[in-house]
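Visitor: Sequence:
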Amino acid sequence: MAFGVIETRWPGSIRFAGDNPEARLSDLLYFSYVSLLTIGYGDITPVSSAARTLVVLEGLLGMAFTTVLLAVLVAKVLRRREDE
1 MAFGVIETRW PGSIRFAGDN PEARLSDLLY FSYVSLLTIG YGDITPVSSA ARTLVVLEGL
61 LGMAFTTVLL AVLVAKVLRR REDE
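Residue numbers (our numbering): 1 to 84.
Note that these hints are calculated values from the structure, not bench results.
Heads up, a few of these hints could be off.
[Claimed, not checked] Simulated DEER-style distance windows between Cβ atoms: (1) 24 - 83: 47 to 55 angstroms; (2) 11 - 68: 30 to 38 angstroms; (3) 70 - 45: 39 to 47 angstroms; (4) 12 - 66: 43 to 51 angstroms; (5) 83 - 39: 34 to 42 angstroms; (6) 70 - 30: 57 to 65 angstroms; (7) 22 - 74: 37 to 45 angstroms; (8) 74 - 45: 32 to 40 angstroms; (9) 72 - 15: 18 to 26 angstroms; (10) 8 - 78: 21 to 29 angstroms; (11) 41 - 10: 20 to 28 angstroms.
Ideal Cβ positions, reconstructed from N, Cα and C, are used throughout, including at glycine.
Make a model of the complete structure from these sequences and hints.
Guide: Given below as structure tokens:
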């Protein structure tokens with residue numbers, strides 16, 4: 001949703017590859033997940049500083065989420081081993 005707000009407020013903030021330059025909600029959600037997971041295929045590119053800032057924040061949030069998830073899973077495995 002945040003990318004939708006940025007694209008609505010500052011049209012052209014996000015550049016789409018291919019023939020369809022219009023931002024659809026499904027494209028923006030896809031871009032958000034790709035950014036959050038730090039995959040970055042390059043088919044959608046942030047152009048404005050607001051969009052770039054949001055991409056950086058989503059990437060950092062994605063790394064933090066992955067770190068916490070991995071820590072929780074490792075802790076559960078270690079607890080299970082201690083109980084055996």
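Visitor: Next, verify each hint and record whether it holds.
Guide: Results for each hint:
Distance hint check for residue 24 and residue 83: the Cβ-Cβ separation is about 49 angstroms, which falls inside the suggested range of 47 to 55 angstroms. At roughly 36 angstroms, the beta-carbon separation of residue 11 and residue 68 lies within the given 30 to 38 angstroms, and the hint holds. Distance hint check for residue 70 and residue 45: the Cβ-Cβ separation is about 29 angstroms, which falls outside the suggested range of 39 to 47 angstroms. Taking the beta carbon of each, residue 12 and residue 66 are about 31 angstroms apart, not inside 43 to 51 angstroms as hinted.
Between residue 83 and residue 39 the beta carbon distance is about 37 angstroms. The supplied range of 34 to 42 angstroms therefore holds. Between residue 70 and residue 30 the beta carbon distance is about 24 angstroms. The supplied range of 57 to 65 angstroms is therefore violated. Taking 37 to 45 angstroms as the suggested C-beta distance range, the pair residue 22 and residue 74 conforms, at roughly 44 angstroms. Distance hint for residue 74 and residue 45: a CB-CB separation of about 35 angstroms, consistent with the stated range 32 to 40 angstroms.
Between residue 72 and residue 15 the beta carbons are some 37 angstroms apart, a value that contradicts the proposed interval 18 to 26 angstroms. Between residue 8 and residue 78 the beta carbons are some 47 angstroms apart, a value that contradicts the proposed interval 21 to 29 angstroms. Between residue 41 and residue 10 the Cβ separation comes to about 23 angstroms, which falls inside the hinted range of 20 to 28 angstroms.
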